[in-house]
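Protein chains in written order, with the working numbering: chain V, 1 to 101; chain E, 1 to 318.
Heads up, a few of these hints could be off.
Unchecked claim - For the chain E half of the interface with chain V, some residues (derived, Cβ under 7 angstroms), not all of them: (1) L58; (2) P60; (3) A270; (4) R273; (5) P277; (6) E278.
Claimed, not checked - Computed Cβ-Cβ distance ranges for the label pairs, DEER-style: (7) M1/V with N280/E: 17 to 23 angstroms; (8) G39/V with N117/E: 44 to 50 angstroms; (9) G39/V with V225/E: 28 to 34 angstroms; (10) F33/E with M1/V: 42 to 48 angstroms.
Since the hints were made in silico from the structure, they are not lab data. All figures in this text were calculated on a predicted structure; none of them were measured in a lab. Cβ atoms here follow ideal geometry from the backbone N, Cα and C, with glycine treated the same way.
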Amino acid sequence: MTSRIKLVTVFTEAAIESSLVHELDGIGVPGYTITNARGKGSGGVRSGAWEANANIRVEILCAEALAELLISRLQERYYEHYSMVMYMSDVDVLRPEKFSS
Amino acid sequence: MSSVDPIIWFFMFGIFAGVVKSELRLPGPIYEFVSMLLLLTIGLKGGIELAQRPFFTLLPEISAVLAAGFALPLLAFPILMYLGRFSRVDSASIAAHYGSVSVGTFAVAVAYMHSQNIFYEEYMALFVVILEVPAILVGILLARGVTTGSVKWSAVMHEVLLGKGVMLLLGGLAIGWLSGPQGVETISPLFFGLFKGILALFLLEMGLITATQLGSLRRYGLFLVGFGIIMPLCFAVIGAALGAWLGLSVGGTSILATLFASASYIAVPAAMRVSVPEANPTLSLTASLGITFPFNILLGIPLYHALSTKLFAILGGS
């Protein structure tokens, strides 16, 4: 019934949302979900509705190869100068055809 | 009774609540709504005023203000780099913040003029739009150099010109201009009737945000504090002189001085984050929000008004 794929979760600054979305579309991920996020980390407290200290959480469900590509691309482009935390996990999904591009 | 405008108390209340780490927070969508209303109202007011005068009569003023928008960051940059010993990118980013303007400060200046019954040219909302953009371009060029191909200008221009702030101001201006004073009467209770109440809520949130910046003041030391106060004062003098030279009223001159003195904390941080990511946003935000914004709100605006009044007295104008 279910099929195993990857979930990539990214926490980063709201300021780069449009550039990030552009990147995701460019790589060809089948879809993504973006939510507003709050929290605290090495970059300090990120609490605001105010864009300069607002965070977002981006979740992407896709096949492993694409997830690997995505992670290395984001790491290369954003890790140096932006606050970004990223992790990948195995998830079991229904309707796997939705997540293959 | 206190002679302090209640909107200023809201700001102080926000700072207090933030400093004592209260859980008070304006919900995100409310903050967005409040900023939208402010920007639209400022745009509408300007547009209505524009509808009443031929646009080309303003061309000299528009060009002068535009030129100043390019010049101000160029004045701030060497001070930051050579006196402040900041890196090139940080100097460029802070200079861009100070060359650009703060709509919140403008709104408080407008409220100040209304509460004191001082006439000013309401089309100055147009100047807010005009001053918002050039400093960003100069800031990016200062950080990157003129010849580099590493700047994605289309992305930057998209961020700057189609960003929420400029879009709402321009939209408001256009609607006000197309509708004229009679046309907007039906929507005036929301935009004009509630202006000060909305501004009060906005300042409450700004107080809370300012309080979060105060912590980094200690880390970045005296230079930034001095810069955050002295630079606006110098820019206010330039603004007042330009206003008087352009033949603006005392109120208009005070507002132009306030615009020059204000530093951006919404459009420029977003643009710099995208185009000059290696610049440290904490530095520029500590200065613009932690120092200059409260300084302008609490002391600067009355000071710039006094300066303009004095200037007009010296020049023998009215």
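Does the Cβ distance between M1/V and N280/E fall inside 17 to 23 angstroms?
-> violated (50 angstroms)
Classify the hint on L58/E as holds or violated, based on whether any CB of chain V lies nearer than 7 angstroms to its CB.
-> violated (31 angstroms)
Satisfaction of the hinted span 44 to 50 angstroms by the C-beta atoms belonging to G39/V and N117/E | Since the Cβ atoms of G39/V and N117/E sit about 47 angstroms apart, the hinted range of 44 to 50 angstroms holds.
A270/E as an interface hint toward chain V, with CB separation required under 7 angstroms | Holds - the Cβ of A270/E comes within 7 angstroms of chain V, reaching about 5 angstroms at its closest.
Could you see if the CB distance from F33/E to M1/V stays within 42 to 48 angstroms?
-> Holds, at about 44 angstroms.
Hint check: is the beta carbon of P60/E less than 7 angstroms from a beta carbon of chain V?
-> Violated - the Cβ of P60/E stays beyond 7 angstroms from chain V, reaching only about 35 angstroms at its closest.
E278/E as an interface hint toward chain V, with CB separation required under 7 angstroms | Holds: closest Cβ of chain V sits about 5 angstroms from E278/E, inside 7 angstroms.
Cβ-Cβ distance between G39/V and V225/E: within 28 to 34 angstroms?
-> holds (29 angstroms)
Using 7 angstroms as the Cβ threshold, decide whether R273/E counts as touching chain V.
-> holds (4 angstroms)
Would you check whether P277/E satisfies its interface hint, that is, whether its CB is within less than 7 angstroms of any CB in chain V?
-> holds (4 angstroms)
In the structure shown, a violation is registered for the earlier hints numbered 1, 2, 7, in ascending order.
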